[in-house]
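Protein chains: 2
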Amino acid sequence: MALVLAAAPAAAETPERDKIAATVAAQRDTTIKALRDWIALPTIAAEKRGTPEGAEYMKQLALDAGFQQARIIPTDGVPAVFATLDAGAPTTLGIYFMYDVKQFDPAEWDSPPLEGRLVERPGEGLAIYGRGAVNQKGPEMAFLAAIKAIQASGRKLPVNLVLVAEGEEEVASTHFDQVVAVPEVQAALAKTIGVFIPSAAQSKDGSANITLGAKGAVEFQLVVGGETSDKYPKTDIHSSNHARIENPAWRLVKALDTLVADDGHTPAIDGWFENVRPLTPRQKELIAEGAKLNPEAQEKAALGIGRWIDDEDYITSLERFYSQPTVNIQGLVAGYTGPGGKTVLPGRAEAKLEFRLVPAMTKAEAVGKLKAHLAKRGFDDVQVTVSGGYGPNETEEDSVLIRAQKRLFDETGIPYAIRPRNAGSWPGVIFNGPPLNLPASQFGLSRGGGAHAPNEWFLIESSEPKVYGLDQATMAYVDYLYTVAEEAAK
Amino acid sequence: MALVLAAAPAAAETPERDKIAATVAAQRDTTIKALRDWIALPTIAAEKRGTPEGAEYMKQLALDAGFQQARIIPTDGVPAVFATLDAGAPTTLGIYFMYDVKQFDPAEWDSPPLEGRLVERPGEGLAIYGRGAVNQKGPEMAFLAAIKAIQASGRKLPVNLVLVAEGEEEVASTHFDQVVAVPEVQAALAKTIGVFIPSAAQSKDGSANITLGAKGAVEFQLVVGGETSDKYPKTDIHSSNHARIENPAWRLVKALDTLVADDGHTPAIDGWFENVRPLTPRQKELIAEGAKLNPEAQEKAALGIGRWIDDEDYITSLERFYSQPTVNIQGLVAGYTGPGGKTVLPGRAEAKLEFRLVPAMTKAEAVGKLKAHLAKRGFDDVQVTVSGGYGPNETEEDSVLIRAQKRLFDETGIPYAIRPRNAGSWPGVIFNGPPLNLPASQFGLSRGGGAHAPNEWFLIESSEPKVYGLDQATMAYVDYLYTVAEEAAK
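Heads up: the protein sequence lines correspond to chains A and B, in order.
All residue numbers for the first sequence refer to the UniProt record's numbering, where the first residue is 1 and numbers rise by one.
All residue numbers for the second sequence refer to the UniProt record's numbering, where the first residue is 1 and numbers rise by one.
If you're looking for bench data, these hints aren't it; they were derived computationally from the structure.
This one's a predicted model, so the numbers in the text were calculated from it and none came from an experiment.
Same chains, same label: a pair holds when it works inside one copy or across any pair of copies.
Straight-line distance between alpha carbons at most 16 Å, and here's what the computed EDC-like set of lysine to aspartate or glutamate pairs gives:
no.: 1; residue 1: K292; residue 2: D313
no.: 2; residue 1: K376; residue 2: D262
no.: 3; residue 1: K234; residue 2: E299
no.: 4; residue 1: K204; residue 2: E124
no.: 5; residue 1: K156; residue 2: E13
no.: 6; residue 1: K300; residue 2: D230
The following block holds chain A by itself, in its conformation from the complex (with noise of 0.2 Å):
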């Protein structure tokens, strides 16, 4: 069944379509060893984990797949990797990579998180199991497979590739911006038409989604303790004291409780919602068509959720979903954690938290304004630290990308919808905030899960024919690189 597909005049454009899909199935092998071997090594900057190493590897599978010349470029923190291809094409396509994974602890995996496992997935077919499975090794892989097919197939590509992968992703991209600050990689960037991530986007019933953007997200950490103030002890002592010694995990509460309203959720930081623009009547129909393709019963049992915020109904849950920005706790640690109680007074209180940002927010307008609010209100104890983050990307749906992203699913019959923006992240702004303002997109066939959780996974062979297993994926991309190449020249 799934050969079937792969062989189906899914994109009439792609010339000896055939030929490549059987080259596509004959590296099959190949480009599984490649995945696992990719998965083996994880690059996690949070954990200064497989640094720089992660990079040198990142350039060796640019190289072999084609690209011409691929090298590090350094930046303040984990390095990022730059590589072109030149086809001789009219067109040049931008691809944005991540190298890097999301931390992970082997205790809660049913399979060792680097070995890449290849699992029955009950009702979904064979999948392969690891840390970055789908997020973002799986797609990147299938994308590197796909150029590789159609240059093993004896055809130059039907557009040119300026390729930037970086490793700080899972990080909120802290040194991106120095990435494409380098001369030459903003000259090679600002000749394409715009960049995209790949990805696996489909739902257990075939249905995919096209994204017109995506929230920006800012992480940072606010730590109040004997670092910040010598109100506080340097560590946990005896919690009798707090009778006359003021305790740090009090004073974060008291912080943390001024950054959102009452309802637990409304961001109440001075003058959040100034920039905040309101979805247009297009964006609420885009929103309502594309619920229909995602049942409500079905998505709160995702979630493993019984309710939405104020018990409200699922088109506004999705409005608000698409069009909020957030300020979310990710993880809050003071003094004892364990199992019960302990009499300690901590020494140390700290809150994660991170931002999520909609058009026309900035990250420095976000960070200021949570310095200038916490500030007005004397908390000049608590520690903000920012450890990364970007704003939000907003791309056109008439651009290059998204139009060749529409007429594949619509000539290859894929049911799928148009989010105004994806609620998640991704550093797209890069490329699409000045000075490139380029168009920014992410677009992949393929299905996968469990990304920053356990248990991640990435559909291989697909138990349902109209969801795609990794020669399907890979075909997507051979068939998206011919289709943007035929758009572009309209």
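Once you have looked at the hints, place chain B on chain A.
Relative to the frame of chain A, chain B by itself:
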């Protein structure tokens, strides 16, 4: 120097004191070995470690020390031990032991926490390092050594003894009321003139304390998450969802925020101060006197802080220390707690808190007020778990227990402060409250530190003449028993 002190005419009342002191010295190595063996077997109720072995061991320690009967008293939690020693004396004294110890993390210790290593402590002398060394196995072992030495010297004890030893002191004596409710135990205790717990109360300069009671302590945890409401996810999920799904960490912050005033320390639970008795003039006098023995700079340095609450002066901070009931955050834990950030919406948030209660507050009152306070504000999704606790205790200055301490200190020239109460807690209320209504106190001349912290220690051989090592501490218990017998006869 140490031996000279031990042989000094510290308490003229003790018959054949030199002979007993010689016995103490002769059994010294045995006592140290017994203490090390006891440290090697930790009972930690919070971790269900060393139960019920710890109770069996405690029972055997009592029998070895000359108690004629000792038996395990089962409870719904960790079992207790009840033992009696009938010396045919007119006076019976109650002894309270805790045989459990605080949790520990070996990585934070300079020597293995269960080794009981003997290490020279600069400026203090030879000390034994181990979990439970001072809290409370060291002082308790010295007491057992004292009664052994009297008997080994061919004498009967000057008082009969009733011992109750519990294994859940560090989890706020969760089931201790069940122990004293056992008719045989209650009847035995009812015959005592009061109950004391052996302790190590000497400062570095040799000064000591008499405490006329202690605050109560109630430990509880607040939990919010998928387990308490279907508004929240059951596990950590991708943080982009906070735009449409409630975050239990915010809800916890909102609930916590109502528990103390904006100053970050004054309890704000409805009706909290209703039964709080203000300090009496005598209590204030005692605090001012006691302050002279503990210079402010020394206290601040030991606690690692530069300022008291509200920048108060020392005496005010001490009055607060002894008189104010507190609502303390022991710990916070939610979502991601590792380095940096992680884009999750937590499925669970927990705050670990504790009350310290002063007369005439009770545990039932405090817990009832907390629950009413949260219910009134609609926090029905915040789960309150009371993991243990008890009310405050208070003993008159003219009770036999306290008179005997004063006389002993006066006669041996030990400088001492009388504290209106201990700002820390011990479950004396079990004896002090109804139905027993007995005096309850702490007594012991020896020195140690690091309770509830790494590198807990207890002094074995003191390099400072005024500070008691193990032998002198043991002799102080010998003298105390004879002094109690004499005071009771008055």
